[in-house]
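Use these hints to put chain B onto chain A, whose structure you have.
Going down the list, the protein sequences come from chains A and B.
Numbered continuously in this note's numbering, the first sequence closes out at residue 708.
Numbered continuously in this note's numbering, the second sequence closes out at residue 708.
Treat the hints loosely; a few may be bogus.
Same chains, same label: a pair holds when it works inside one copy or across any pair of copies.
Using 20 Å as the maximum straight-line C-alpha spacing, the simulated DMTMM-like pairs for lysine to aspartate or glutamate come out as follows [what the hints assert, rightly or not]:
#, residue 1, residue 2
1, K642, E617
2, K399, E22
3, K36, E395
4, K542, E617
5, K642, E251
6, K620, E640
7, K83, E116
8, K573, D490
9, K371, E403
10, K573, E544
11, K704, D538
12, K341, E378
13, K57, D70
14, K620, E681
These are calculated hints, taken from the structure and not from any lab test.
Each chain, written out:
2 protein chains.
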Amino acid sequence: MPLDLQRLFNPRSIALIGASTELGTISGQPMNFLVKRGYQGALYPVNPKYTELLGHKCYAAIDEVPEVPDVAIILVNARLAVKMLEACGRKGVPFVIMFSSGFSEIGAEGVTMQNELRAIAQRYGIGFVGPNCQGIIGVPAKAYAGFGSAFIYDYEPGPVSMVSQSGGFGFSVMSLAAMEGGVGFRYVVTTGNEVGISTLDFWRFLVDDPGTQMIASYTEGMKDAWQLREIGEAALDARKPILVWKVGNSEEGRRAVASHTANLSGATALYQAAFRQTGVQQIEDIQDIVDYSAAFQCGKVPRGNRVAIITISGGAGIMMTDEAIARGLAVQPLSPETVEKLRPLVPSFAALGNPIDLTAAIFDDTDLCRKALELIIEDPLVDSVAMANAGLQGEVATKVAREIVNVARRSDKPIMLGWSARREVAGVAYSMLDELKIPHYRSPMRCMRALAALTNHALACGRHEARKREPLLALSSAESKAELAASGTDLAEYQAKRLLARYGIPVTREELATSASEARRIASEIGFPVVLKIQSADVPHKTEAGGVRVGLKSAAEVEAAYEAILVSVRRYKPDAAIDGVLVQEMVQDGVEVILGINNDPLFGPALMFGLGGIFTEVMKDVSLRLAPIHASVAREMIREVKAYPLLTGARGRAPCDEDALVEALCRLSAMAIDLKDHLAELDINPLFVLPAGRGVKAGDALIKPRSR
Amino acid sequence: MPLDLQRLFNPRSIALIGASTELGTISGQPMNFLVKRGYQGALYPVNPKYTELLGHKCYAAIDEVPEVPDVAIILVNARLAVKMLEACGRKGVPFVIMFSSGFSEIGAEGVTMQNELRAIAQRYGIGFVGPNCQGIIGVPAKAYAGFGSAFIYDYEPGPVSMVSQSGGFGFSVMSLAAMEGGVGFRYVVTTGNEVGISTLDFWRFLVDDPGTQMIASYTEGMKDAWQLREIGEAALDARKPILVWKVGNSEEGRRAVASHTANLSGATALYQAAFRQTGVQQIEDIQDIVDYSAAFQCGKVPRGNRVAIITISGGAGIMMTDEAIARGLAVQPLSPETVEKLRPLVPSFAALGNPIDLTAAIFDDTDLCRKALELIIEDPLVDSVAMANAGLQGEVATKVAREIVNVARRSDKPIMLGWSARREVAGVAYSMLDELKIPHYRSPMRCMRALAALTNHALACGRHEARKREPLLALSSAESKAELAASGTDLAEYQAKRLLARYGIPVTREELATSASEARRIASEIGFPVVLKIQSADVPHKTEAGGVRVGLKSAAEVEAAYEAILVSVRRYKPDAAIDGVLVQEMVQDGVEVILGINNDPLFGPALMFGLGGIFTEVMKDVSLRLAPIHASVAREMIREVKAYPLLTGARGRAPCDEDALVEALCRLSAMAIDLKDHLAELDINPLFVLPAGRGVKAGDALIKPRSR
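Only chain A is shown next, with the shape it has when bound in the complex (with noise of 0.2 Å):
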């Protein structure tokens, strides 16, 4: 695949392969588009039914068009298409857009022709675009390929560029954010099943391309989703936003994602996870990517999450203000100098807090909006200003709007507005807003959440700064991926846990015993009170088969316990391959948590942490993330849950070591990626945290290699 894109959304030539007379159909439309929105290049439509189409000569199969087209377009039913592919490999055509629909998505017959389609484009090297998609806008080269209600319009080229999975939809929401939300594309490409150039593909190229500011993306699932991380680290470097809005995230989504474009869709709380971890912004309608684009353009970035909220009526302060909490937001109290300052300015009934309601006093004195607007701004607790104008109009609306882009020009930190007069009546207010680029809002809530956008992905480049400056500890075991290489079946306990010390998890003292004496030696030498659990194989789940006897005080009790377990585990299991009885030292002091490692297919190893067992199982109150994470991280995961506070010291506890519990994370983080190609799944369940300064210890532990 050729790796710079630049030629597919700029290209000198384009073939159309069963291009139609009839302009309407969706074969008709792409070379009628091209023709009428003015594209520049060579057109060469390929259809042998005809000798000429709309001006241009028309050419019977694509080897006898005069040149290599730096793109072609296939436009006839699937079948025919796979010759068709295999006929632009053998010209040499870098880049192919497959229309026709029927492949993967309905069912079996569709996936064997289209591992074809990814065989063809493999060998000869094409740049695949499709199948099952609408096609591309390359805005400036005005190469509009594709068809659709969407290309009916000429569009004012700008920074952002969108990738859609969904061909109709990703054009309708493209269009209407152009025509309605003013919103300037460049390069517009719409996927379909993504047999060649997938959507991180496209990301990681637009993350490069110096003409997009702005990425928008709809995606139902990510076949390559183990890139993510690192596109979006990328991204997080170059400073550009990606937006994405990601659906089939319910069950019911699944099963629809599965017969639309046939992505595998992954599990939704893994996506979840990377775009958090990664500062791609999630969306959730349209007009958070017009609302979004235009905060993003507005060329100032905020230092931290502190907004200043500014009304004239409080209602919407009130509003504005539940939503910056609720995204992340802080909403503090001015300095008490600001305050003092402004007091004087303003009536005795204006609220001076946060939010700051100037009241309605303002229609009689626009100086006062100026004058408050420069000592809130320049407050230093204040790194952002977010004001609602409630429906200002006429004369008023143009003077308010004059001091507010006088102040933003002497200020680096954002303004925007909550606005929702009409553009009739406020005309003149709005182009000056819209001249410094100060982001204006119908709704207040919207600019809220602009905002939030805004400020959350200032925070993400920020805290990916600061990840780069954190150390990332690797570690590294040839024995254990040995190990796991040769193993067959799932590790035991007393396996596993050898795997965990070998990776420097610290594990509960033991040892296993294959006669009731030794166990009784190795008890004495741990120390009373001790634990005994079968290890075999066979029996993965211990307690139901009579396997574990804990709290036992005395050497005897000991002896017992051992032959107690061989007589219930053979009656559970007579056949199991018994590899013996681990001997454990107790663990009484420690909150059990549970960590664990899912080596997922798509994204590669995820890290799970959750408080044991009915918080992880019955609440599902887990934090995931991929691996390998920085120790800044283990403690957002750690801090994240809900049950975060029985470590802390919740109900009487003794604070729980948490340094402790976030070095071993990073561990199991190094090992994850170490055993990447050796390991399905790790559980640490219980692994006791014990109060602060005493460490942690892995009570238990599962590891499934991963079968080849």
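Using the frame of chain A, we list chain B on its own:
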């Protein structure tokens, strides 16, 4: 207060006290707007400075006005406003609207003046709106009695009425919804500090107002929240949807409310519970008012929650499916019969699950659209249809709209559209839909949200009807009321449980012992093991005081424990008045849950349910309802907590006696109502829920009487 507010919104005459010739100011605007918008009643400006205003005779004082006006608007400053209200009272004015700010929202001095307002309004029986509001609009009577930018427009009357605590924000929402969203308003009122007529008073009136079909409301808090349940149910009876935009939900937001309209905002969780219980639909932005009002005016009511989602491009379908599921709708497969009939109509790559992707083939054959739509809407497994038409425009759009109208005309199931084409290119299609009141939205997401609101309201009406046929338990215990009335302190466990027992809530077998030998005798009667607990109003934290011993297996252990408890407690609190030691059966195989009554100052008695200990205290995993509740609601409460699986046999336990738990909650509800004048708080912690068929038992309880 006059009960019938029709006269307020349709006044025959209005006096404007403090009206000004400066028409742009707050005191100048109302007179100006009333004249400009064509109000037909008599206008009486009152201001000693003028003899005439905008062609109307101006009076020096209200008592000089030649008749008693239906409404007086007070436009003067706070201090003078108090006197003017008194003057209105003397004149006998039935309704007064006060714009003046500077009352309770500014602190102590303002509170005093506001109390004066209240007293005057009550003394004269004035229907009082405000202070600190922006007036009202009665659209049919052209009573534009307020100020702000919303008043520059003439509105078309319609069936939506709105109550907003915030003036500026409320009117800007109204104006935007009317002018850009086409919402037809009837009565709009801003209520400010609500000294007289409250938001809920207006709701009550509007529920009965024949001209109002939908109520929208912006609220920061309700001082009379105890009315919410009754009014909400009256609205369900009338099948009138109430949309509420509740703000002040974050801690910071609540602080802001205090300085805005100075409303007690109350606990967010209780509002959520009350809205949920009464089918009040919560909204989150201006767009929701526009979108939902179109849905509620479609004239059709879904019979259930099963939606068929139809698209011409799969992407929208997946997103709508996610949104439908998130909002409680069901997206189930069509019946096999329907699928069989659809199959020959559509391309082989169309998806006929649900969402149903008819694919872009619809471009070429609009007839297909009608046939498919007919089959789908007639499917008995479908209650409503949501269809996404992407950006379909021009001729095709018109043809598709015609077919939709044809199908919709013959069905009583709602059909709604997501259709993103601009009106310029789909105007004919949109007009055809508008004529039949078929709602259509620019984004499929908004379409699905609106359909969910319509569906959830219909379901709430249905549940309400069903509940009316369900018996509601009522219990009464004069003895308990007397006991609480007489009690000066919290009730100790044994006293609290005696109360529970009177209301039929099972408690542990137990008896109070005042000597070791008595404890021994009681224990023998109950049977071992037993628990001993100190009983003293001075020792609320029994365990901390060393006042609890569990698992006592013999008479000797009981005697020893009795003495040990007394020693510990005397050391812990030497002057504690000790009632004795409670000897109690030890319950061993129950799941611990917590039931509670919180007699909220705003809402009245609310019921709480959660799993024991950590689940309630750390995880906040609780459900709330206002008392009284029916058994079906008790079951909802139990099933909506996340930890519910612990009651049904998670992790290998026996399923619990859910029916007995439902019964206990109903009895608690009856108790809450019976004792509502005497009880501040009641906690049963724990209530043991025994295995199915074996009932529940209160293990411990605390009752705080209401202080007087």
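To see whether the hints hold, each was checked on the structure:
1. Proximity of K642 and E617 under a CA criterion of 20 Å is satisfied in both settings, with 14 Å inside one chain copy and 11 Å between copies.
2. Only between protomers do K399 and E22 lie at most 20 Å apart by alpha-carbon distance; the minimum there is 19 Å, versus 55 Å within a single protomer.
3. In the homo-oligomer, the alpha carbons of K36 and E395 lie at most 20 Å apart only across protomers (19 Å), although the nearest pairing inside one protomer, at 43 Å, exceeds that limit.
4. Proximity of K542 to E617 under the C-alpha cut-off of 20 Å is restricted to the intra-copy arrangement: shortest distance 18 Å within a copy versus 33 Å between copies.
5. In this homomeric assembly, K642 and E251 come within 20 Å of each other (Cα to Cα) only across copies, at 19 Å, whereas the closest approach inside a single copy is 24 Å.
6. When the C-alpha separation of K620 and E640 is checked against a cutoff of 20 Å, the pair qualifies both within a copy, at 13 Å, and between copies, at 15 Å.
7. For the homomeric pair K83 and E116, the shortest alpha-carbon distance inside one copy (10 Å) is at most 20 Å, but the shortest distance between copies (88 Å) is not.
8. Taking CA atoms no more than 20 Å apart as the test, K573 paired with D490 passes inside one copy only; the shortest distance there is 17 Å, against 57 Å between copies.
9. Proximity of K371 and E403 under a CA criterion of 20 Å is satisfied intra-copy only: 9 Å inside one chain copy versus 59 Å between copies.
10. Taking identical chains as interchangeable, the C-alpha atoms of K573 and E544 lie at most 20 Å apart only when both belong to the same chain, with a minimum of 11 Å there against 47 Å between chains.
11. When the C-alpha separation of K704 and D538 is checked against a cutoff of 20 Å, the pair qualifies only within one copy, where the shortest distance is 13 Å, while the shortest distance between copies is 57 Å.
12. In the homo-oligomer, the alpha carbons of K341 and E378 lie at most 20 Å apart inside one protomer (12 Å), although the nearest pairing across protomers, at 68 Å, exceeds that limit.
13. With identical chains, the CA atoms of K57 and D70 are at most 20 Å apart within one copy only, with a shortest distance of 18 Å there and 81 Å across copies.
14. Taking identical chains as interchangeable, the C-alpha atoms of K620 and E681 lie at most 20 Å apart only when both belong to the same chain, with a minimum of 18 Å there against 31 Å between chains.
This entry satisfies every hint, going by the numbered hints stated previously.
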